[in-house]
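Chemist: Each chain is listed here by its residues.
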Amino acid sequence: VTRFTLYAFVAVVMIAIAAYRLLTARHLLRKIVTLNVIDAAIFLLLIAVGYRNQVGGEADPVPQTIVLTGIVVAVGISAFAITIARRLYAETGDTAVQEEDRDLPDHLGDQR
Amino acid sequence: MDDLQRLPLRLLTRTAPGRALLAAFTLALAVILGAVVLDLPEEGTSAATPALDRRDDTMPESDVTAVLLDIRVYDTFFEVGVLLMTGVAALAVRRDAGARTIGPAPAVSPIVRRHAHRVAPVVGLAGVYLLSQGTSAPGGALEAGAILATGVMILRLAGYRGIGASPGPALRAGLLFALAAFLLFGGVSLLVGNEPFEHVAQWRMPAIVALEVAITVSVATALALLFVTTSPPPELGELEQIEEDPS
Chain A
455 VTRFTLYAFV
465 AVVMIAIAAY
475 RLLTARHLLR
485 KIVTLNVIDA
495 AIFLLLIAVG
505 YRNQVGGEAD
515 PVPQTIVLTG
525 IVVAVGISAF
535 AITIARRLYA
545 ETGDTAVQEE
555 DRDLPDHLGD
565 QR
Chain B
466 MDDLQRLPLR
476 LLTRTAPGRA
486 LLAAFTLALA
496 VILGAVVLDL
506 PEEGTSAATP
516 ALDRRDDTMP
526 ESDVTAVLLD
536 IRVYDTFFEV
546 GVLLMTGVAA
556 LAVRRDAGAR
566 TIGPAPAVSP
576 IVRRHAHRVA
586 PVVGLAGVYL
596 LSQGTSAPGG
606 ALEAGAILAT
616 GVMILRLAGY
626 RGIGASPGPA
636 LRAGLLFALA
646 AFLLFGGVSL
656 LVGNEPFEHV
666 AQWRMPAIVA
676 LEVAITVSVA
686 TALALLFVTT
696 SPPPELGELE
706 QIEEDPS
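For the record, the sequence lines run as chains A and B. Numbers in this note's numbering are just positions in the first sequence, counted from 1, shifted up by 454. Numbers in this note's numbering are just positions in the second sequence, counted from 1, shifted up by 465.
Please note that a few of the clues may not be correct.
[What the hints assert, rightly or not] A few chain B positions that, by computed beta-carbon distances, are all more than 12 angstroms from chain A:
#1 T514
#2 S683
#3 A687
[What the hints assert, rightly or not] Derived lysine to any residue pairs resembling SDA-like cross-links, with alpha carbons at most 20 angstroms apart:
#4 A/K485 with A/I501
#5 A/K485 with B/G546
#6 A/K485 with A/S532
#7 A/K485 with A/V551
#8 A/K485 with B/G499
#9 A/K485 with B/R484
#10 A/K485 with B/F490
#11 A/K485 with A/T546
#12 A/K485 with B/P661
#13 A/K485 with B/F692
#14 A/K485 with A/I471
#15 A/K485 with B/L477
#16 A/K485 with A/D548
#17 A/K485 with B/G624
#18 A/K485 with B/L649
#19 A/K485 with A/I536
#20 A/K485 with A/F497
#21 A/K485 with A/G524
#22 A/K485 with B/V558
#23 A/K485 with B/A611
#24 A/K485 with A/G547
#25 A/K485 with A/A535
#26 A/K485 with B/R479
#27 A/K485 with B/L474
#28 A/K485 with B/G483
#29 A/K485 with B/T615
#30 A/K485 with B/L476
#31 A/K485 with A/I538
#32 A/K485 with B/T478
#33 A/K485 with A/A528
#34 A/K485 with A/M468
#35 A/K485 with A/V527
#36 A/K485 with A/Y543
#37 A/K485 with A/V467
#38 A/K485 with B/L494
Bear in mind the hints are in silico, worked out from the structure with no lab data behind them. The beta-carbon is built from N, C-alpha and C at its ideal position, and this holds for glycine as well.
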């Protein structure tokens, strides 16, 4: 197993787990955290690709710069998402996007 | 109608068979993604190689900085725009919120406060150092901005309310600074008769340093602002009150 395949494997597993949680989690903060896990996995993958792609004895600089800009954008988007979640909480007291509970069986009502 | 549309989604995310289906879906996604990643060609050249091969001594020593602010400067320009937009959007959404707060922030211990006193200047120095090394070594504007924003967060967590209590004109200007610098740079290079963002060799290093400073200021401002707008300031003095009251 090369270092690249190890990193790529970890990144893919992280993306899969976080994608599953993103689909099933209700609390908005959890969704935001899973998005951040996906971000981190993609950065790991990009760094691994850049590391494998040696140019003149050094790692390819292009994936590195994409990760750098990506980190800043990811932090900005997360903070914006948290701001929206806080505003939702301030307005409605909800920590999740409200789903209609009418006409549904009880056991589908309020699982987290 | 609305309920009927939502029902299948809830069956998918809230029931055991639905979740098993979702798990199978994400597993399939992972397998496909893994296959694609393993299939990535090992090129041995970089997208920036042609430009880096033409490198002369007017270009930054650091490959990463050369790519960020010269070869792929459009990427960085748009990144600065995204950052500005998230900052503005966060300010807009935050306004008038506060009907329901998340409860009083925890009191700041004197130990944390004293620690912040010591750490914040060091963090500030580290940020300036990273910025100063940006053209020749790993490091640069984005890292420096992030580190400086961390310094602001430390001070804020230690209860210094003065920082960004309400985003005033200075913070707004800081947010805009990098985009303004990029627009100025693009405009000037157009006026000189080049492509937008095309460097003139003898001005390349000063332009890159100026852009780096502008990006540092804007990244630090934006990240600090986003933190400040999403966290209530810690209460000071609460701890003393608790100590005084024996009940």
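Chemist: Hint by hint, say whether it matches the structure.
Modeler: Comparing the hints with the structure gives:
Residue placement check: B/T514 does not keep its beta carbon more than 12 angstroms from all beta carbons of chain A (closest about 6 angstroms). Listed as a non-interface residue, B/S683 fails to keep its Cβ farther than 12 angstroms from every Cβ of chain A; the least gap is roughly 10 angstroms. With a closest Cβ-Cβ approach of about 6 angstroms to chain A, B/A687 is found to fall inside the 12 angstroms limit, against its non-interface label. Between A/K485 and A/I501 the CA atoms are separated by roughly 24 angstroms; this puts the pair beyond 20 angstroms, and the hint is violated.
Annotation: proposed proximity of A/K485 to B/G546 is violated, straight-line Cα distance about 25 angstroms (limit 20 angstroms). Using a Cα cut-off of 20 angstroms, the hinted pair A/K485 and A/S532 holds, with the two alpha carbons roughly 10 angstroms apart. Only pairs whose Cα atoms come within 20 angstroms are accepted, and A/K485 paired with A/V551 is accepted, the gap being roughly 11 angstroms. At roughly 23 angstroms between alpha-carbon atoms, A/K485 and B/G499 are farther apart than 20 angstroms, so this suggested pair is violated.
Proposed proximity of A/K485 and B/R484 is supported: the alpha carbons are some 16 angstroms apart, at most 20 angstroms. For the hint pairing A/K485 with B/F490, the CA-to-CA distance comes to about 18 angstroms; that is within 20 angstroms, so the pair holds. Distance check on the hinted pair: A/K485 and A/T546 sit about 18 angstroms apart at the alpha-carbon level, within 20 angstroms; holds. For a cut-off of 20 angstroms, the pair hint linking A/K485 to B/P661 is broken: about 39 angstroms separates their Cα positions.
As the CA atoms of A/K485 and B/F692 are separated by approximately 19 angstroms, the hinted pair is consistent with the 20 angstroms bound. The hinted pair formed by A/K485 and A/I471 meets the criterion: a straight-line CA distance of about 12 angstroms does not exceed 20 angstroms. Among the hinted pairs, A/K485 with B/L477 is consistent with the structure: their alpha-carbon atoms are about 17 angstroms apart, no more than 20 angstroms. In summary, the hint linking A/K485 to A/D548 is supported, as the alpha carbons are separated by about 14 angstroms, within the 20 angstroms threshold.
Between A/K485 and B/G624, the direct Cα distance comes to roughly 29 angstroms. Violation of the 20 angstroms bound is thereby established for this hinted pair. Restraint check for A/K485 and B/L649: not satisfied, since their Cα atoms lie roughly 39 angstroms apart, outside the 20 angstroms limit. For the hint linking A/K485 to A/I536, the alpha-carbon distance of about 10 angstroms falls within 20 angstroms, and the restraint holds. As the CA atoms of A/K485 and A/F497 are separated by approximately 19 angstroms, the hinted pair is consistent with the 20 angstroms bound.
For the hint pairing A/K485 with A/G524, the CA-to-CA distance comes to about 19 angstroms; that is within 20 angstroms, so the pair holds. Pair hint A/K485 plus B/V558 holds up; C-alpha atoms about 19 angstroms apart against a cutoff of 20 angstroms. Proposed proximity of A/K485 and B/A611 is contradicted: the alpha carbons are some 24 angstroms apart, above 20 angstroms. Restraint check: the Cα-Cα separation between A/K485 and A/G547 comes to about 17 angstroms, which is no more than 20 angstroms; the hinted pair holds.
Simply put, A/K485 and A/A535 have alpha-carbon atoms about 10 angstroms apart, close enough for the 20 angstroms limit, and the pair holds. About 15 angstroms separates the Cα atoms of A/K485 and B/R479, which keeps this hinted pair within 20 angstroms; it holds. For the suggested pair A/K485 and B/L474, the alpha carbons sit about 16 angstroms apart, so the restraint of at most 20 angstroms is met. Using a Cα cut-off of 20 angstroms, the hinted pair A/K485 and B/G483 holds, with the two alpha carbons roughly 19 angstroms apart.
A threshold of 20 angstroms between alpha carbons decides the hint, and for A/K485 with B/T615 the separation of about 24 angstroms lies outside it, so the pair is violated. With a C-alpha separation of about 19 angstroms, the suggested pairing of A/K485 with B/L476 holds against the 20 angstroms cut-off. Restraint check for A/K485 and A/I538: satisfied, since their Cα atoms lie roughly 13 angstroms apart, inside the 20 angstroms limit. At most 20 angstroms may separate the alpha-carbon atoms for a hinted pair to count; A/K485 and B/T478 meet this at roughly 13 angstroms.
Taking the CA atoms of A/K485 and A/A528, the gap is about 14 angstroms. The hint holds against a cut of 20 angstroms. As the CA atoms of A/K485 and A/M468 are separated by approximately 14 angstroms, the hinted pair is consistent with the 20 angstroms bound. Distance check on the hinted pair: A/K485 and A/V527 sit about 17 angstroms apart at the alpha-carbon level, within 20 angstroms; holds. Pair hint A/K485 plus A/Y543 holds up; C-alpha atoms about 15 angstroms apart against a cutoff of 20 angstroms.
A distance of roughly 17 angstroms separates the Cα atoms of A/K485 and A/V467; the hinted pair therefore holds under the 20 angstroms criterion. Restraint check: the Cα-Cα separation between A/K485 and B/L494 comes to about 19 angstroms, which is no more than 20 angstroms; the hinted pair holds.
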